[in-house]
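Chemist: Okay, here's what each chain looks like letter by letter:
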Amino acid sequence: MTDQTPAIELKGISKAFGPVQANKDISIRVMPGTIHGIIGENGAGKSTLMSILYGFYKADAGEIFINGKHTEIPDSQAAIRAGIGMVFQHFKLVQNFSVLENVVLGAEDGALLRPSLAKARRELKALAAEYELNIDPDAKIEDIGVGMQQRVEILKALYRQADILILDEPTGVLTPAEADHLFRILKGLRDQGKTIILITHKLREIMEITDTVSVMRRGEMTATVKTAETSPPELAELMVGRKVLLQVEKAPATPGKTILEVENLRVIDSKGVERLRGIGLEIRAGEILGLAGVAGNGQSELLEVLGGYRKAEGRIRLNGEEIDLTGRKSDARTRRARGIAHVPEDRHHEGLILDFAAWENVAFGYHDKPEFNKGIFMDNAAIKADAAAKMERFDVRPPNPNLAAKNFSGGNQQKIVVAREIERNPDLLLIGQPTRGVDIGAIEFIHQQIVALRDMGKAVLLVSVELDEIMSLSDRIAVMFDGQIMGERVPSETDERELGLLMAGITDTDKPHSEAEIEANLARKRASAAKEA
Amino acid sequence: MQRMPQWADVVLIPLISLLLAALLSALVILAIGENPWAALKLMVDGSMGSTYAWGYTLYYATNFIFTGLAVAIAIHARLFNIGGEGQAMLGGLGVALVALYIPWPHWTLAILGGAVGAALFGAAWAFIPAWLQAKRGSHIVITTIMFNFIAAALLNYLLIGALKPSGSMEPATGRFPEATHLPTFQDMFSTAETALFRGAPVNVSFFVALLACVAVWALIWRTRLGYEIRAFGQSESAAKYAGISPTRIIVVTMLMSGGLAGMMAINNVMGEAERLVLNAVEGAGFIGIAVALMGRSHPFGVLLAALLFGFLYQGGAELALWTSIPRELIVVIQALVILFTGALDNMVRMPLEAMFLRLRPAPKPARKTEPAE
Numbered sequence: 001m002t003d004q005t006p007a008i009e010l011k012g013i014s015k016a017f018g019p020v021q022a023n024k025d026i027s028i029r030v031m032p033g034t035i036h037g038i039i040g041e042n043g044a045g046k047s048t049l050m051s052i053l054y055g056f057y058k059a060d061a062g063e064i065f066i067n068g069k070h071t072e073i074p075d076s077q078a079a080i081r082a083g084i085g086m087v088f089q090h091f092k093l094v095q096n097f098s099v100l101e102n103v104v105l106g107a108e109d110g111a112l113l114r115p116s117l118a119k120a121r122r123e124l125k126a127l128a129a130e131y132e133l134n135i136d137p138d139a140k141i142e143d144i145g146v147g148m149q150q151r152v153e154i155l156k157a158l159y160r161q162a163d164i165l166i167l168d169e170p171t172g173v174l175t176p177a178e179a180d181h182l183f184r185i186l187k188g189l190r191d192q193g194k195t196i197i198l199i200t201h202k203l204r205e206i207m208e209i210t211d212t213v214s215v216m217r218r219g220e221m222t223a224t225v226k227t228a229e230t231s232p233p234e235l236a237e238l239m240v241g242r243k244v245l246l247q248v249e250k251a252p253a254t255p256g257k258t259i260l261e262v263e264n265l266r267v268i269d270s271k272g273v274e275r276l277r278g279i280g281l282e283i284r285a286g287e288i289l290g291l292a293g294v295a296g297n298g299q300s301e302l303l304e305v306l307g308g309y310r311k312a313e314g315r316i317r318l319n320g321e322e323i324d325l326t327g328r329k330s331d332a333r334t335r336r337a338r339g340i341a342h343v344p345e346d347r348h349h350e351g352l353i354l355d356f357a358a359w360e361n362v363a364f365g366y367h368d369k370p371e372f373n374k375g376i377f378m379d380n381a382a383i384k385a386d387a388a389a390k391m392e393r394f395d396v397r398p399p400n401p402n403l404a405a406k407n408f409s410g411g412n413q414q415k416i417v418v419a420r421e422i423e424r425n426p427d428l429l430l431i432g433q434p435t436r437g438v439d440i441g442a443i444e445f446i447h448q449q450i451v452a453l454r455d456m457g458k459a460v461l462l463v464s465v466e467l468d469e470i471m472s473l474s475d476r477i478a479v480m481f482d483g484q485i486m487g488e489r490v491p492s493e494t495d496e497r498e499l500g501l502l503m504a505g506i507t508d509t510d511k512p513h514s515e516a517e518i519e520a521n522l523a524r525k526r527a528s529a530a531k532e533a
Numbered sequence: 001m002q003r004m005p006q007w008a009d010v011v012l013i014p015l016i017s018l019l020l021a022a023l024l025s026a027l028v029i030l031a032i033g034e035n036p037w038a039a040l041k042l043m044v045d046g047s048m049g050s051t052y053a054w055g056y057t058l059y060y061a062t063n064f065i066f067t068g069l070a071v072a073i074a075i076h077a078r079l080f081n082i083g084g085e086g087q088a089m090l091g092g093l094g095v096a097l098v099a100l101y102i103p104w105p106h107w108t109l110a111i112l113g114g115a116v117g118a119a120l121f122g123a124a125w126a127f128i129p130a131w132l133q134a135k136r137g138s139h140i141v142i143t144t145i146m147f148n149f150i151a152a153a154l155l156n157y158l159l160i161g162a163l164k165p166s167g168s169m170e171p172a173t174g175r176f177p178e179a180t181h182l183p184t185f186q187d188m189f190s191t192a193e194t195a196l197f198r199g200a201p202v203n204v205s206f207f208v209a210l211l212a213c214v215a216v217w218a219l220i221w222r223t224r225l226g227y228e229i230r231a232f233g234q235s236e237s238a239a240k241y242a243g244i245s246p247t248r249i250i251v252v253t254m255l256m257s258g259g260l261a262g263m264m265a266i267n268n269v270m271g272e273a274e275r276l277v278l279n280a281v282e283g284a285g286f287i288g289i290a291v292a293l294m295g296r297s298h299p300f301g302v303l304l305a306a307l308l309f310g311f312l313y314q315g316g317a318e319l320a321l322w323t324s325i326p327r328e329l330i331v332v333i334q335a336l337v338i339l340f341t342g343a344l345d346n347m348v349r350m351p352l353e354a355m356f357l358r359l360r361p362a363p364k365p366a367r368k369t370e371p372a373e
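Line by line, the protein sequences give chains A and B.
Take the first sequence: its position 322, counting from 1, is numbered 322 in UniProt numbering, and each next residue is one higher.
Take the second sequence: its position 209, counting from 1, is numbered 209 in UniProt numbering, and each next residue is one higher.
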């Protein structure tokens, strides 16, 4: 280490929530002009630590030094004054405001809006030039992509004179290309002397852009190392506390009889936009079909149709029997009874009732099963026992069925959903974004469960925007673009480049294609979607 | 991550809110030149000082329990039923028809029949807004409010027309037959030597209201339907994912809600008036909203809140009777109670939470439930 003054120094920070010690005596020095990664599993205390730094929580013990000066941060205003800016995982932007208005919001000077907007426009221009954060200040947030929205959040922090930027899981919602762009921006910011703290659970990101990395486990800081002097397996071991398999181990598939057949599936949404344009798929027993694609190309709609809560035209056969797609029997309950289990893409809005206790969630969707009911009453004791058993088998922490679902970390919430669906022993498992917002330890576990289900001779439809995940888990890969299947590949005979082209709607993957050509194709799709809407 | 002990949340916060409301009310009473302490004493005496006083307080509370439960059950499905007033009016119509046109041999059967009639009519009145909400997306707050007016007009029409005995000058039905008269607390609890609850309207339907509290609690927290209602209320998208039909939940919940509001009629129409008069509900449907909010949509909370509003109602009537404090002031006091317990809940909650956070003992050094590696 140099004898420079650290931009941030935390000394002996401790924080407890009731009996849970979220941060235990944490000390860390973040040097100015560096990208400092903080990595750890969900629930390791990363977000708590950053919330203390940003003034959301008050530490029970410990001190904060900013640029060598002892600083009290009782609220986020104080953090902003101290030059700290935070980019949250879930953006805090007003959807129908312009970029400019969002940047100024909360930092207006004077009662009149016009002068502060004009001033902000000038500063935004300067910032954009300095850090290559190009963005149209008059675009509405609702009209720009997620990657752009994130840039607005960064601009907001810079506009407030932040010298220290904290980014919480910034790539969780980005496509690989958008993530690369973000990293270019962050490197630019660092080169201009800004200090960046990157909170993540993705080893690849840590290795790619950080200078130093601190590892947290169960509320403690277990190590701080130079990124150049470490390796992903070492970091993973420090995070989880044991050796981790970064690659899924699986035997070759032995596909059996056809479980799911989908023919010419069409969906037109309430705005009249055709979301699925004649999808055809087949999944056999003992096989994982991975569905790749950039988010918003119809994967969600396909899962909803198969899961039974979106009407569609076309044909679906399960085990050779026709499935009702429009009538009274086209509901999720009937699908479950037929042997389709579904881990939805969005566990917060679909997979779980966040205010319900874990045990109530473990019965969710299966709450009408006879084993959970006694006459007109629910057999709460039986449900609790079942939930406790499933939570133990899936190593959900804390193993407390009475805790509300919202109080579990992302990975443990996902384990609750996966446990509920897989333990029903379905013929077909639909699983969307199985590891979104889930830590390494849980990812490994969930992947093993999916493979184990396949090996029991079940069919799995895996939808994911993470190409790594699709490549390592799937036996076959189908790529979706604009409501259609662009092609199918076998993982061993394809690569990210080819899949990336298919994801952009280009099917003649043998020829070389320029970045501009891909961009143009994506823009054409956006334009046609806008026209239809 | 419990921030506050349960008892503070359930008991302390409402209590402090009530004290604040009482304090402000005292200032208002002082401002119009009356003695707040004497006023409070009068209210307490008049509503709890004798079995007679209790007889009125409990009578009003019975009404509020039914309408409060009606609002509470709908809130669990995230439906805001403002139509308790109209549904209770229709409940009165149901009771009147049952009592007048069916020859009942005994009150025990009559109260059953009355309850069924009241619930059916109240539920039917809630069905139309529910259906419109479920199928057409018409906002239930708007439709239930409008149905209150339609109900009032309908009852007006019937009570000056078809239901009015010929020759009568009053917009009311004829008296219900003797066999449908419900036993009052006076009939039930008075002994030969001492007359209790003399002349007070509280009657056996108070016990029906208590039963309704238990039934609603069991429904919400112990049955599959209650589970689905709560799930739907928390997240419609999750409910759809789980195969819970939004239409079914909206309609069934509103039917039960309307039914409960309607059942209030066995108390005020069958138990007290023993005939159906115009404006029999007297705003109890709206008070039910405050009761449900204050009671946190929990049947036990509804019971306590209903008792409180019964006290305010009866105490207020006494105040108007014996002092020069105008009756309108009672509405002010009631409004203050609603304001503090409902709308300004966070004002009390946040400092209290902060206080408990400071008072909490230091956390234990190690977690007990650390799973072995």
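Note that these hints are calculated values from the structure, not bench results.
Mixed in with the good hints there might be a few duds.
To be verified - What follows is a list of derived Cβ distance ranges for each label pair:
1. B:Arg222 with A:Lys140: 47 to 53 Å
2. B:Gly137 with A:Gly68: 46 to 52 Å
3. B:His139 with A:Glu237: 53 to 59 Å
4. B:Ala22 with A:Ala118: 49 to 55 Å
C-beta atoms are modelled at their ideal positions from N, C-alpha and C, and glycine is treated no differently.
Chemist: Next step is simple, just say for each hint if it's right about the structure.
Modeler: Hints versus structure:
no.: 1; hint: B:Arg222 with A:Lys140: 47 to 53 Å; in the structure: 48 Å, holds
no.: 2; hint: B:Gly137 with A:Gly68: 46 to 52 Å; in the structure: 59 Å, violated
no.: 3; hint: B:His139 with A:Glu237: 53 to 59 Å; in the structure: 56 Å, holds
no.: 4; hint: B:Ala22 with A:Ala118: 49 to 55 Å; in the structure: 53 Å, holds
In this structure, the one hint that does not hold is number 2.
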